Every structure is written in structure tokens, then in C-alpha cells.
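Asker: Below, each chain spelled out in residue letters.
Protein chains: 4
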Amino acid sequence: MKYAFNTWVYSSFPCWVPSYSIDETIKRLSKIGYDGIEIGCAAPHAWPYYLDENRRKEIKELLDKEGIAASSLLPAPGGGPGANPASSIKEEREWTVQHYKDVVDLAVDLGASTVLYVAGWRMFGVSQEDAWKYSLDSLIQIGEHAKEKGVTICVEPTSSDSNLIETADDALLLMEQSGLPNVKVMFDTFHVLYRNEVPSDYIYTMGEHLKHIHLSDYDRLAPGQGGMDFYPVIQALKDIGYDGYVTMEVGFNARSAHPDSIAKAALDHLKAIENELE
Amino acid sequence: MKYAFNTWVYSSFPCWVPSYSIDETIKRLSKIGYDGIEIGCAAPHAWPYYLDENRRKEIKELLDKEGIAASSLLPAPGGGPGANPASSIKEEREWTVQHYKDVVDLAVDLGASTVLYVAGWRMFGVSQEDAWKYSLDSLIQIGEHAKEKGVTICVEPTSSDSNLIETADDALLLMEQSGLPNVKVMFDTFHVLYRNEVPSDYIYTMGEHLKHIHLSDYDRLAPGQGGMDFYPVIQALKDIGYDGYVTMEVGFNARSAHPDSIAKAALDHLKAIENELE
Amino acid sequence: MKYAFNTWVYSSFPCWVPSYSIDETIKRLSKIGYDGIEIGCAAPHAWPYYLDENRRKEIKELLDKEGIAASSLLPAPGGGPGANPASSIKEEREWTVQHYKDVVDLAVDLGASTVLYVAGWRMFGVSQEDAWKYSLDSLIQIGEHAKEKGVTICVEPTSSDSNLIETADDALLLMEQSGLPNVKVMFDTFHVLYRNEVPSDYIYTMGEHLKHIHLSDYDRLAPGQGGMDFYPVIQALKDIGYDGYVTMEVGFNARSAHPDSIAKAALDHLKAIENELE
Amino acid sequence: MKYAFNTWVYSSFPCWVPSYSIDETIKRLSKIGYDGIEIGCAAPHAWPYYLDENRRKEIKELLDKEGIAASSLLPAPGGGPGANPASSIKEEREWTVQHYKDVVDLAVDLGASTVLYVAGWRMFGVSQEDAWKYSLDSLIQIGEHAKEKGVTICVEPTSSDSNLIETADDALLLMEQSGLPNVKVMFDTFHVLYRNEVPSDYIYTMGEHLKHIHLSDYDRLAPGQGGMDFYPVIQALKDIGYDGYVTMEVGFNARSAHPDSIAKAALDHLKAIENELE
Numbered sequence: 001m002k003y004a005f006n007t008w009v010y011s012s013f014p015c016w017v018p019s020y021s022i023d024e025t026i027k028r029l030s031k032i033g034y035d036g037i038e039i040g041c042a043a044p045h046a047w048p049y050y051l052d053e054n055r056r057k058e059i060k061e062l063l064d065k066e067g068i069a070a071s072s073l074l075p076a077p078g079g080g081p082g083a084n085p086a087s088s089i090k091e092e093r094e095w096t097v098q099h100y101k102d103v104v105d106l107a108v109d110l111g112a113s114t115v116l117y118v119a120g121w122r123m124f125g126v127s128q129e130d131a132w133k134y135s136l137d138s139l140i141q142i143g144e145h146a147k148e149k150g151v152t153i154c155v156e157p158t159s160s161d162s163n164l165i166e167t168a169d170d171a172l173l174l175m176e177q178s179g180l181p182n183v184k185v186m187f188d189t190f191h192v193l194y195r196n197e198v199p200s201d202y203i204y205t206m207g208e209h210l211k212h213i214h215l216s217d218y219d220r221l222a223p224g225q226g227g228m229d230f231y232p233v234i235q236a237l238k239d240i241g242y243d244g245y246v247t248m249e250v251g252f253n254a255r256s257a258h259p260d261s262i263a264k265a266a267l268d269h270l271k272a273i274e275n276e277l278e
Numbered sequence: 001m002k003y004a005f006n007t008w009v010y011s012s013f014p015c016w017v018p019s020y021s022i023d024e025t026i027k028r029l030s031k032i033g034y035d036g037i038e039i040g041c042a043a044p045h046a047w048p049y050y051l052d053e054n055r056r057k058e059i060k061e062l063l064d065k066e067g068i069a070a071s072s073l074l075p076a077p078g079g080g081p082g083a084n085p086a087s088s089i090k091e092e093r094e095w096t097v098q099h100y101k102d103v104v105d106l107a108v109d110l111g112a113s114t115v116l117y118v119a120g121w122r123m124f125g126v127s128q129e130d131a132w133k134y135s136l137d138s139l140i141q142i143g144e145h146a147k148e149k150g151v152t153i154c155v156e157p158t159s160s161d162s163n164l165i166e167t168a169d170d171a172l173l174l175m176e177q178s179g180l181p182n183v184k185v186m187f188d189t190f191h192v193l194y195r196n197e198v199p200s201d202y203i204y205t206m207g208e209h210l211k212h213i214h215l216s217d218y219d220r221l222a223p224g225q226g227g228m229d230f231y232p233v234i235q236a237l238k239d240i241g242y243d244g245y246v247t248m249e250v251g252f253n254a255r256s257a258h259p260d261s262i263a264k265a266a267l268d269h270l271k272a273i274e275n276e277l278e
Numbered sequence: 001m002k003y004a005f006n007t008w009v010y011s012s013f014p015c016w017v018p019s020y021s022i023d024e025t026i027k028r029l030s031k032i033g034y035d036g037i038e039i040g041c042a043a044p045h046a047w048p049y050y051l052d053e054n055r056r057k058e059i060k061e062l063l064d065k066e067g068i069a070a071s072s073l074l075p076a077p078g079g080g081p082g083a084n085p086a087s088s089i090k091e092e093r094e095w096t097v098q099h100y101k102d103v104v105d106l107a108v109d110l111g112a113s114t115v116l117y118v119a120g121w122r123m124f125g126v127s128q129e130d131a132w133k134y135s136l137d138s139l140i141q142i143g144e145h146a147k148e149k150g151v152t153i154c155v156e157p158t159s160s161d162s163n164l165i166e167t168a169d170d171a172l173l174l175m176e177q178s179g180l181p182n183v184k185v186m187f188d189t190f191h192v193l194y195r196n197e198v199p200s201d202y203i204y205t206m207g208e209h210l211k212h213i214h215l216s217d218y219d220r221l222a223p224g225q226g227g228m229d230f231y232p233v234i235q236a237l238k239d240i241g242y243d244g245y246v247t248m249e250v251g252f253n254a255r256s257a258h259p260d261s262i263a264k265a266a267l268d269h270l271k272a273i274e275n276e277l278e
Numbered sequence: 001m002k003y004a005f006n007t008w009v010y011s012s013f014p015c016w017v018p019s020y021s022i023d024e025t026i027k028r029l030s031k032i033g034y035d036g037i038e039i040g041c042a043a044p045h046a047w048p049y050y051l052d053e054n055r056r057k058e059i060k061e062l063l064d065k066e067g068i069a070a071s072s073l074l075p076a077p078g079g080g081p082g083a084n085p086a087s088s089i090k091e092e093r094e095w096t097v098q099h100y101k102d103v104v105d106l107a108v109d110l111g112a113s114t115v116l117y118v119a120g121w122r123m124f125g126v127s128q129e130d131a132w133k134y135s136l137d138s139l140i141q142i143g144e145h146a147k148e149k150g151v152t153i154c155v156e157p158t159s160s161d162s163n164l165i166e167t168a169d170d171a172l173l174l175m176e177q178s179g180l181p182n183v184k185v186m187f188d189t190f191h192v193l194y195r196n197e198v199p200s201d202y203i204y205t206m207g208e209h210l211k212h213i214h215l216s217d218y219d220r221l222a223p224g225q226g227g228m229d230f231y232p233v234i235q236a237l238k239d240i241g242y243d244g245y246v247t248m249e250v251g252f253n254a255r256s257a258h259p260d261s262i263a264k265a266a267l268d269h270l271k272a273i274e275n276e277l278e
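From first to last, the protein sequence lines are chains X, R, V and G. Oh and the first sequence: position 253 is 253 in this note's numbering, straight run, nothing missing. Oh and the second sequence: position 243 is 243 in this note's numbering, straight run, nothing missing. Oh and the third sequence: position 180 is 180 in this note's numbering, straight run, nothing missing. Oh and the fourth sequence: position 205 is 205 in this note's numbering, straight run, nothing missing.
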């Protein structure tokens with residue numbers, strides 16, 4: 001298995017502190033032993049519009065030097081410009097599509113071949129059908145740009161935070177309707193737990209279309225610290241021959257988080273399970 | 001007392017749902033009985049760059065029709081562009097200053113004369129002195145623009161979320177150093193409770209410089225639902241002759257919030273206290 | 001407002017005890033002051049196949065004598081025959097359709113003009129699309145039979161227990177696709193709370209199509225005993241001119257429930273709110 | 001020891017989801033390492049009336065292929081037809097007796113030689129004597145049919161859910177009064193814990209008549225996850241020379257259950273105890 005760690009807990013989203021520069025974060029995750037880093041596209045790490053050509057090169061060189069890959073990139077929805085591709089506000093949808101394209105370009109510059117797609121949510125009064133259409137239309141525009149750049153877009157069900165793409169089936173259907181070969185799916189165990197569903201079932205259901213995965217225990221704790229059993233998840237990933245990054249997205253919901261601690265605990269726990277299953 | 005209600009719990013920041021359009025939110029808060037509405041400058045309510053001249057007029061007309069005033073505006077820090085005026089990233093500081101100026105202009109268009117200033121936070125490795133200098137420099141640029149437009153900037157200590165301006169004294173010092181007559185101070189009871197300090201003490205300390213206030217019970221509950229005693233706060237506001245809006249900033253930390261319920265409960269509770277004190 | 005009470009907590013579903021005969025239950029709810037009784041179609045109350053013509057007449061006469069109306073009927077899904085209209089097992093779907101028709105006939109015999117439709121759920125491996133098709137097909141067969149009998153079928157989103165029709169939008173879409181004028185929608189505040197959504201929003205969204213409603217506080221407690229604020233719900237029902245029964249479906253999840261206590265507390269709480277709003 | 005696992009947590013009783021087909025459930029339990037599977041006779045697994053001759057053969061062949069035995073069958077009381085053999089409703093008792101006979105026949109078809117008998121419960125107003133008589137009469141009819149088919153009926157005290165057969169002594173007395181050699185007893189540690197009694201005491205008390213056992217930790221958790229000590233239970237089973245299946249009946253009370261996880265954890269825990277005692 002290749003392991004990656006999402007940067008939110010080291011960044012200012014959604015908790016402003018503690019935060020660390022992207023350079024510091026890369027060095028720490030490399031030292032802890034991760035193979036990859038999933039980079040959140042928000043200040044202070046990777047808001048695309050603050051990173052000129054030189055800065056992008058610097059970051060890429062640091063990644064290479066530290067022997068850790070940029071595994072994937074994702075936006076930070078929910079504040080400021082919103083970044084809701086299903087918004088009923090036309091200006092927001094247009095900005096969001098352009099932003100995702102800029103994230104795709106940044107991914108290419110940093111050597112990442114995967115960008116996550118958070119399909120958005122509905123305001124009161126907007127129908128499920130309209131929101132779905134808006135999101136699908138946004139996805140197609142983003143996906144076509146990504147296809148030219150050799151980047152895979154992974155649709156993520158985010159039931160805990162939204163009301164549009166909530167399940168494996170929702171994500172697979174949106175993927176299918178996009179009609180694009182580089183649009184695939186992913187999921188986050190945290191959102192599956194929110195729905196009181198079974199995480200390993202999502203792996204078998206998504207099967208060959210599963211190109212990315214977020215692991216989190218209950219309450220965004222590191223795997224092993226919240227009571228969820230990750231054996232069936234690792235077993236299922238082996239069963240389907242998953243070859244993407246196993247990525248932790250944890251700890252970012254609490255100012256009191258100790259990022260290095262969480263990153264190390266998660267990696268240790270999953271490697272122990274992997275060893276036991278071999 | 002004039003009562004206002006902050007829009008976050010009706011918006012997509014920081015919880016994406018439930019959310020309501022700015023028009024729906026104005027109508028609901030007016031119906032519940034608020035005098036003012038504090039508008040968060042994030043999608044889907046009031047991201048300045050999605051609101052053209054016509055849309056601003058529409059919103060202003062709706063406010064007038066519903067008999068509720070735009071009491072104040074504020075940005076949504078922490079995601080995407082960051083909006084941290086104390087950032088060590090030059091591009092972020094520049095964007096943030098410009099963004100605050102745009103928020104000031106939007107305030108003017110909507111009839112509000114107050115904009116809140118969240119002074120920012122420090123990443124690991126940035127000194128308190130440097131961050132303070134960055135924030136002060138940003139504040140002066142923003143304040144000068146606001147002065148021309150007749151808008152007051154209120155510095156808010158945000159101890160619960162940040163590590164720069166944490167106390168009444170910090171806010172007063174930054175205000176003083178700005179040297180601008182339209183830079184004043186405010187505070188939020190929630191942040192005072194986070195520091196285990198006494199909210200009414202902040203009122204006497206800030207005195208004539210106190211131009212805005214956020215009320216919240218413990219855990220961002222509506223006043224009256226979390227156990228804090230708001231009598232001393234209302235008494236202190238009367239004592240100093242406070243004539244600004246008493247603004248609720250509550251409920252936005254939980255997806256499970258019922259916005260109308262919270263807005264009504266908060267207003268009922270404070271009016272009851274006010275009546276009792278008369 | 002007309003108030004009704006669902007019989008589960010007086011029956012053997014899902015907790016076997018305490019249980020009371022249907023006759024005893026009718027007398028108790030009438031005495032407490034309810035206008036209507038929602039009858040669950042399971043033993044020992046109203047399993048249609050245990051109630052011959054005479055027994056149905058007896059129950060109807062008792063209802064008349066006690067001055068309480070049979071407001072609605074519903075099946076008891078989840079055990080024995082399943083009663084899942086979205087089942088991938090053909091035998092189960094066929095039985096379920098026939099069962100709903102028999103429930104409709106029983107409703108007519110007892111003087112009720114509303115039957116609730118629980119749209120079912122998906123097993124692992126069954127796609128959302130297939131399950132939706134199965135449920136829609138079942139609904140059309142049931143709805144056509146009900147139309148002949150003058151009975152309204154109300155589609156209920158049951159997010160807390162299932163994975164098919166979870167939201168107001170899901171229910172409205174299924175209703176629309178049925179193409180039948182006597183197929184309408186309803187919702188249960190308990191399921192809305194499970195989704196961390198806002199109950200009163202469901203009322204405005206469903207509007208004229210809302211023909212039934214279940215009230216329950218958090219954890220299936222009686223309204224007023226669990227912390228939810230029912231003011232906005234009663235206000236919204238008034239706003240849309242709702243003229244159906246306001247039905248409590250509470251307490252049935254715990255053997256320790258005291259049915260009369262719960263029934264009285266719920267009625268008292270809602271009447272108090274109604275009086276206050278007048 | 002031979003270990004078996006009850007299918008409720010994989011089925012739609014009492015929680016509708018998650019659920020898995022009987023085929024999927026057989027494969028999973030076999031892979032986890034169980035010797036036997038206890039099959040609940042409810043949709044979607046084994047409602048007898050949905051399983052024709054062919055389907056029964058298919059299931060039997062799958063069991064053989066997967067190397068796992070149908071250890072026992074049981075009905076799902078409490079909804080729809082009730083299945084309460086002590087009901088004061090004659091139609092319900094008659095249906096229940098017939099249903100048990102059909103379950104016995106299904107057991108034979110699937111190769112199981114044990115059927116569990118849940119002796120029922122009393123509605124308000126029905127005396128203990130009458131209910132006992134009803135249940136005994138039902139049991140005799142069922143037991144005689146089972147005797148012809150070579151099936152053992154095990155009477156289970158179910159104190160947590162009912163009010164008729166609550167203790168080891170109740171079960172032994174009903175057994176004795178049946179006068180049938182193929183009527184025996186069993187118990188479930190969960191129900192014993194509900195009465196604050198000592199599970200291993202039930203083993204010594206039931207002794208040679210103990211032909212089946214359900215293990216569950218507190219709160220229907222897997223043995224090892226709820227705090228009960230299972231050493232004395234395993235020791236007592238060895239002491240009396242128990243040669244039936246040690247069957248887990250766990251996890252089915254919560255939608256949030258992860259069935260494979262629970263099944264594996266229970267088996268691991270008990271095998272570890274067994275190894276230690278050898």
C-alpha cells in the first residue's frame with residue numbers, strides 16, 4: 001500500500017491554527033514516513049493564485065528532495081467564493097469551474113495526477129434535480145480540461161457535509177453521466193460512518209472505478225483512535241487490487257489537534273493491519 | 001437596544017448546509033423581529049465579486065421593504081484565499097487588504113456603516129512581532145479606505161480561533177496604533193468564554209471605543225440555551241450607553257442547527273432580560 | 001389542528017411489550033383527547049388477515065362510540081415477510097403490493113382515507129436505480145388500487161431506517177413519477193432530525209402536496225421532551241394551510257416507554273404551542 | 001467448539017439496513033471462519049414462503065460448497081403477523097403454529113436440525129396462566145411436527161423482550177410440560193445480563209438439556225467488546241460436555257453495525273479464550 005496524508009490539519013482550513021507552511025508540512029510528513037501528500041488548495045498552502053511559476057517549481061523540487069509525492073489536490077469549499085459547483089448562483093458556478101481548472105493545472109505543476117471533486121450542495125428552495133444538473137455540467141467542463149492535462153477527477157460522496165452526492169451510487173451515477181473516461185470515484189470512511197453504512201461495502205461497490213480513498217476514524221480521529229475496525233477496509237482494498245494512495249484525512253476539525261501525532265498514529269495503525277493481513 | 005443577527009447559520013460558512021439565499025434570510029430575520037442583519041461576505045450570501053450593481057440594489061431594496069437594516073459586514077477567513085491580514089505570504093496580505101476594501105464598498109452599497117476586522121493569526125515559525133506588524137499595516141490601509149467611505153472598522157479579538165489579537169487590550173492597542181478615528185473595537189462573548197474571562201468586564205474596559213458586540217452562549221448556542229448569564233452584559237451595555245447593534249453570532253458551528261429556532265430563542269431571551277432591567 | 005397518535009408504542013412492534021389490544025388503545029387515546037388514531041397494521045392490532053368482517057365492524061363501531069377517527073394506516077416493515085416494495089426478491093415485491101392493497105381495504109373498512117407508503121430499501125449489491133424502479137412500480141400498483149377505493153397514499157422519506165427515499169425531494173420525485181393524483185407526500189420530523197435538516201423547511205418544500213405529518217422529538221421522545229423546538233413546525237403548518245392530522249409517532253423504540261404518559265405529554269405540548277401562536 | 005453466527009445483523013430485521021442477501025451472508029461468514037450459520041426466517045434471508053424447492057436447493061448447495069452448516073433456524077417475532085404463540089388472538093396462534101412447522105420444514109431442507117422457540121408474551125389484560133397455556137399448547141403442536149422431521153425445538157427465555165418465559169427454570173418447566181423428547185432448552189447471555197443474573201449458572205442449571213446457546217456481550221456487542229467475561233461461560237460449556245454450536249447473536253440492534261467486523265471480532269475473542277483454557 002502507498003500511504004498519503006491530507007494537509008488540512010497542518011493548514012488554516014477550517015481551523016486557522018495550528019498551521020504550518022507547505023514546506024514545513026512536506027518535510028514533516030516525509031520524515032514520518034508517508035509516500036504521498038494530498039494538498040489542500042487554500043491559503044497558506046496552495047491557493048493557486050498566490051503561487052507563481054517559481055514558487056511551484058520550488059515546491060516540486062522540495063517534494064522530490066524529500067522523496068514524497070503530491071498524490072492529489074482538492075479545493076476548500078464552503079467559505080469566501082463558495083466553490084459549490086451545484087450552486088444556483090451562476091457567478092459562483094462559473095468561478096468554481098475555473099477554479100477547478102486552475103487546481104488541475106497546479107496538480108500538473110506539482111506532479112499530482114488526481115484532483116478530488118466535491119459535487120456541491122443545495123440551498124433551501126433549490127431542487128435536487130436542478131442542483132444535480134448544475135453539478136454534472138460543472139463536472140463535465142472540469143473533466144474535459146483535466147482530460148487534456150492527463151489528470152483524473154474523483155467524485156467524492158460527502159454526506160456528512162452536504163445533501164447532493166451522498167452515497168457510492170450517487171457518485172457512480174454522476175461519474176457515468178459525465179461520459180468521461182478520466183472521471184472516477186472515491187470515498188471517505190468518515191462520510192460512510194456518518195450515514196451508518198459499512199465502509200468496506202463501498203470498496204466492493206465502487207470496485208474498478210475506485211481511484212482514491214480517504215480514511216478517517218469516527219469524529220475525524222486517526223484510524224485506530226476512534227473505535228472503527230479498519231481490517232475489513234484494508235482486506236477489501238486488497239481484494240479489489242486497489243493501487244492508489246490510501247490517504248488519511250483526519251484531525252482538521254479541532255484546533256486542539258496535534259498534527260504530527262495524528263499523522264504518525266494513523267500510519268502506524270494501518271501498517272500494522274497491513275502486515276497482519278500478509 | 002437594537003438587535004441584529006449574523007447570517008452564518010443561514011449560509012454555507014463554515015457548514016455548507018442548511019443554507020438559504022440572502023433574500024430568504026432577510027425575510028426570515030425580519031419576520032422574527034430583528035432590527036438588523038449582519039451579513040457574512042461569503043457565497044451564497046455576499047461574496048462581493050458575485051454581486052453586481054443591480055443585485056446590490058435589489059438586496060438593498062429588499063432590506064428596506066422588510067424594514068431591517070444591514071447592520072454590519074464581515075469576511076469569512078480560513079479557507080480558499082485565507083483572508084489573513086497577518087499572513088507571512090505577501091500575496092495573501094495584498095489580496096486580503098483589497099478584499100476588505102471591497103467589503104467596505106459593499107457595506108456602503110447595502111447601507112451598513114460597520115465592517116468587522118479579524119486581525120489574523122500566525123503560522124508556526126512566524127513571530128508575534130512580525131504578524132502584528134503585518135496586521136497593523138493591513139488595518140491602516142483598510143481603515144483609510146473605510147474612512148473615505150464613512151465606514152467604521154471594528155477590531156475583534158478572536159482567541160478561540162487565533163493567536164494574535166486575543167484580548168480587549170490587544171484590540172485596543174492595535175486600534176490605537178492605527179491612529180485612525182474610524183478604527184474602533186468590538187468583542188464576542190464566545191471568545192471571552194473561551195479564555196475563561198468575564199464578558200461584562202470587556203464592556204467596561206472597551207467603554208466608549210466599543211462600537212459592536214457579538215453575543216453567543218457557550219458552545220455557540222443561542223443566549224439562554226447554554227448556561228451563560230447575560231444580565232451583566234445587558235446591564236453593562238446600558239451602563240456605558242452603548243448604542244450599537246446587539247448582534248447574535250450563533251449556531252453556525254453545527255449542521256444540525258435550526259436557524260429560525262435559534263434566531264427566535266436568542267431574541268426572546270435578550271428582550272426578556274432587557275425588559276426586566278427596565 | 002387535528003391531532004392523532006400512532007399505535008406502535010401500544011403494540012408489539014417493534015418492542016413486544018408493553019402491548020395493549022386495539023380496543024384498549026382506542027379507548028385510552030380517546031380519553032387522553034386525541035381526534036384521530038393512526039393504526040399500525042401488525043399483530044396484535046391490525047394484521048389484516050386476522051380481522052374478519054365482523055371484527056372490522058366491531059372496531060369501527062368502537063371508534064365511532066369513542067369519538068375518535070382512524071386517521072391513517074401503515075404497515076410494519078422489516079421482519080417476517082419484509083414488506084419492502086423495493087426488494088430485489090420478486091416474491092417479496094408481489095407479496096408487498098398485495099399487502100398494501102389489503103391495508104387500503106382495511107383502511108376503508110375502518111373509515112380511514114390515508115395509507116402511508118414506506119418506499120423500501122436496498123440490500124448490498126442492488127443499485128439505487130433498480131431499487132427506485134422496483135419501488136415506483138410497486139407504488140403505481142398500490143396507488144391505482146387506492147384510487148378506486150378513494151384512499152390517498154402518502155410517500156414518507158425514512159432516512160433514519162433506509163437508504164432509498166431519504167429527503168423531501170426524493171419523496172416528491174417518486175410522487176411525481178407515479179403520475180397518480182391520489183399519491184401525495186408526508187414526512188416525520190424524526191427522520192429530518194436524523195439528517196440534521198430543518199423540519200419546517202420540509203413543510204414549505206412539500207407545500208400543497210403535504211397530506212400527512214409525523215411529529216417526534218429527538219430519540220423518538222414526545223414533542224417537548226427531547227429538545228427540538230416545535231414552534232417553527234406549527235407556524236409552518238399554519239402558513240401553508242395544512243388541514244390533515246398532526247400525528248405523533250413516538251416512544252415505540254423502547255420497552256421502557258409509558259404509552260399513556262407519552263401520548264398525553266405530546267398533546268399538551270403541541271396544544272400549548274398552538275394556543276400561543278393564535 | 002463449533003462456532004455459528006446468527007444472520008440478523010446481515011438482514012433487515014429489526015434494522016432494515018445494512019442488509020445482504022443470504023448467499024452473500026453465507027460466503028462472508030464462511031470466509032471469516034465460522035462452522036455454522038444460524039438463519040433468521042425473515043425477508044430477505046429466509047421467509048419460507050418466498051423460497052421454493054429450487055431456491056432451497058441452491059442455498060443448501062452453496063452452504064455445502066462454502067463448507068458451512070445451517071446450524072439452526074428461528075422466526076422473527078414482533079411485527080406483521082406477530083408470531084406470538086402465547087397471543088390471546090386465536091388467529092395469531094394458529095398462524096404461528098403453522099409458521100413454526102414451515103420453519104421446521106425449511107430447516108430440514110437446509111440441513112439444520114435445530115429450531116429455536118420464542119415462547120411469546122402477554123398483552124395487558126391477559127393472565128400469565130392463560131398465556132402459558134396458549135404457548136404450551138402451541139409448543140406441543142410444533143414439537144410433534146418437529147419430532148416427525150427429526151428436528152429439536154429449543155425453548156429460549158427472552159426476558160429482555162418479553163414477560164412469559166424469562167428464566168432457566170421457566171424454560172425447563174415448559175420443556176417438561178411439553179412431554180416431548182425433542183423439546184429442549186437454550187439461553188442467550190444477553191437476556192441473562194438483562195436480569196442481572198450469572199450466565200454460567202444457566203449452563204449448569206440447564207445441563208444435559210442445554211442444546212443451543214446465544215452469546216452476546218452487554219448492549220448486543222460482540223463478545224469481548226462490551227465488558228462481560230466469557231471465560232466462565234466457555235469453562236462451563238466444557239464442564240457439561242456441550243457439543244452444540246456456540247452461536248453469536250449480536251449487533252443487530254444498531255443500523256451502524258459493521259457485520260463482518262463484529263463477526264470476526266466475536267470469533268477471535270472466543271477462540272482465544274478456548275485456546276487459553278486448553
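It is possible that some hints are incorrect.
[Stated by the list, open to error] Derived lysine to aspartate or glutamate pairs resembling EDC-like cross-links, with alpha carbons at most 20 Å apart:
1. G:Lys-31 with X:Glu-58
2. G:Lys-90 with V:Asp-239
3. G:Lys-90 with V:Glu-276
4. G:Lys-57 with X:Glu-58
5. R:Lys-271 with V:Glu-276
6. R:Lys-90 with X:Glu-58
7. R:Lys-27 with V:Asp-52
8. X:Lys-133 with V:Asp-64
9. G:Lys-271 with X:Asp-229
10. V:Lys-90 with G:Glu-144
11. G:Lys-90 with V:Glu-24
[Claimed, not checked] So, partial list: chain R residues that the calculated Cβ filter (under 10 Å) puts toward chain X:
12. Tyr-10
13. Pro-14
14. Gly-40
15. Ala-43
16. Leu-51
17. Pro-75
18. Glu-91
19. Trp-95
20. Lys-149
21. Tyr-204
22. Thr-205
23. Glu-208
24. Tyr-231
These aren't lab readings, by the way, just hints derived from the structure by calculation. Only a predicted model underlies this, so the values are computations on that prediction, with no experimental measurement involved. Beta carbons: idealized from backbone N, C-alpha and C, even for Gly.
Asker: Decide, hint by hint, whether the structure agrees.
Answerer: Hints, verified against the model:
1. G:Lys-31 with X:Glu-58: violated (50 Å)
2. G:Lys-90 with V:Asp-239: violated (48 Å)
3. G:Lys-90 with V:Glu-276: violated (49 Å)
4. G:Lys-57 with X:Glu-58: violated (67 Å)
5. R:Lys-271 with V:Glu-276: holds (18 Å)
6. R:Lys-90 with X:Glu-58: Distance of about 17 Å is within 20 Å: holds.
7. R:Lys-27 with V:Asp-52: Status violated; Cα separation ~55 Å.
8. X:Lys-133 with V:Asp-64: violated (51 Å)
9. G:Lys-271 with X:Asp-229: holds (19 Å)
10. V:Lys-90 with G:Glu-144: The given pair, whose Cα atoms are some 33 Å apart, is violated under the 20 Å limit.
11. G:Lys-90 with V:Glu-24: Within the cut-off at roughly 18 Å; holds.
12. Tyr-10: holds (9 Å)
13. Pro-14: The hint holds - R:Pro-14 has a Cβ within 10 Å of chain X, the shortest such distance being about 5 Å.
14. Gly-40: holds (9 Å)
15. Ala-43: Interface hint status for R:Ala-43: holds (3 Å vs cutoff 10 Å).
16. Leu-51: holds (8 Å)
17. Pro-75: With a closest approach of 8 Å, the R:Pro-75 hint holds.
18. Glu-91: Hint on R:Glu-91: holds, closest Cβ of chain X at ~4 Å, below 10 Å.
19. Trp-95: Hint holds; R:Trp-95 Cβ to chain X Cβ min 8 Å, cut 10 Å.
20. Lys-149: violated (22 Å)
21. Tyr-204: Hint violated; R:Tyr-204 Cβ to chain X Cβ min 29 Å, cut 10 Å.
22. Thr-205: violated (25 Å)
23. Glu-208: Because about 30 Å separates R:Glu-208 from the closest Cβ in chain X, which is outside the 10 Å limit, the hint is violated.
24. Tyr-231: Hint on R:Tyr-231: violated, closest Cβ of chain X at ~30 Å, above 10 Å.
The structure is inconsistent with the numbered hints 1, 2, 3, 4, 7, 8, 10, 20, 21, 22, 23 and 24, although it conforms to all the rest.
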